[in-house]
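All chains should be built: construct the whole structure from the sequences, respecting the hints.
So you can see what is in the structure, the chains are spelled out below.
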Amino acid sequence: GDSVTQMEGPVTLSEEAFLTINCTYTATGYPSLFWYVQYPGEGLQLLLKATKADDKGSNKGFEATYRKETTSFHLEKGSVQVSDSAVYFCALSDDAGNMLTFGGGTRLMVKP
Amino acid sequence: DAGVIQSPRHEVTEMGQEVTLRCKPISGHDYLFWYRQTMMRGLELLIYFNNNVPIDDSGMPEDRFSAKMPNASFSTLKIQPSEPRDSAVYFCASRLADLTGELFFGEGSRLTVL
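The listed protein sequences derive, respectively, from chains A and B.
Numbered according to the working numbering, the first sequence spans residues 1 to 112.
Numbered according to the working numbering, the second sequence spans residues 1001 to 1114.
The set of hints was computed from the structure by calculation and includes no laboratory data.
Treat the hints with care, as some may be off.
As the list claims (entries may be wrong) - Here are the computed distance ranges between Cβ atoms for each label pair:
1) B:L1099 / A:Q81: 24 to 30 Å
2) B:E1044 / A:E8: 14 to 20 Å
3) B:P1054 / A:K52: 15 to 21 Å
Since the model is a prediction, treat every value here as computed from it, not as a measurement.
Where a beta carbon is used, it is the ideal one built from N, C-alpha and C, also for glycine.
Following this line, the structure appears as structure tokens:
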């Protein structure tokens, strides 16, 4: 079945550092890929998405490129802020788009 | 527009008691999902509905769990009887039919079963 693997956290960075959170997937067909973010005490929020190979999703300074050849969708940000501290989830949808499969989540801690 | 609304936010109960979690999806959304989040297992899809009809309940752990959606604006997840291993945060999410993968999550119901 479909699956998503994320790098284990926590990832601890200083403010203004460069961020990469790795995500790889296994899927049949042509899934769409997503990054969700969960701030403490809240539900998940969609951060960005990409629906086909070579698409780049971007939002709030974060970006990720759908790489079919490496089955990856790594999340990057050039300069993180303390307010980016959260748990980040990579996810994929099935072909019908009905179900999301989530990775295990990666906790990011940004120190001032 | 109000987001997905869940209640209660926190529930502490004793083993064997019945627990009912409630969800009001965003108005106009066609799909509703129930997820469970734990440290050990991460996010698990329990069940989802399309236009109030249950489509896939293969994630429901066992017969102690049941979910209903009597109308487009209300859903419940019931656990009877509850057990300590049911302790988790339960999330409800909804989405529009044509925005696949773009789920809107509620703030969750944190359940503790003693």
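| B:E1044 and A:E8, beta-carbon distance inside 14 to 20 Å? | Because 18 Å falls inside the window, the suggested range holds.
| Does the hinted range 15 to 21 Å hold for B:P1054 and A:K52 at CB? | Since B:P1054 and A:K52 have Cβ atoms about 31 Å apart, the given range 15 to 21 Å is violated.
| message | Tell me if the beta carbons of B:L1099 and A:Q81 are separated by a distance inside 24 to 30 Å. | response | Given a distance of about 28 Å, which is inside 24 to 30 Å, the answer is holds.
Going down the numbered hints, you'll see the structure goes against just number 3.
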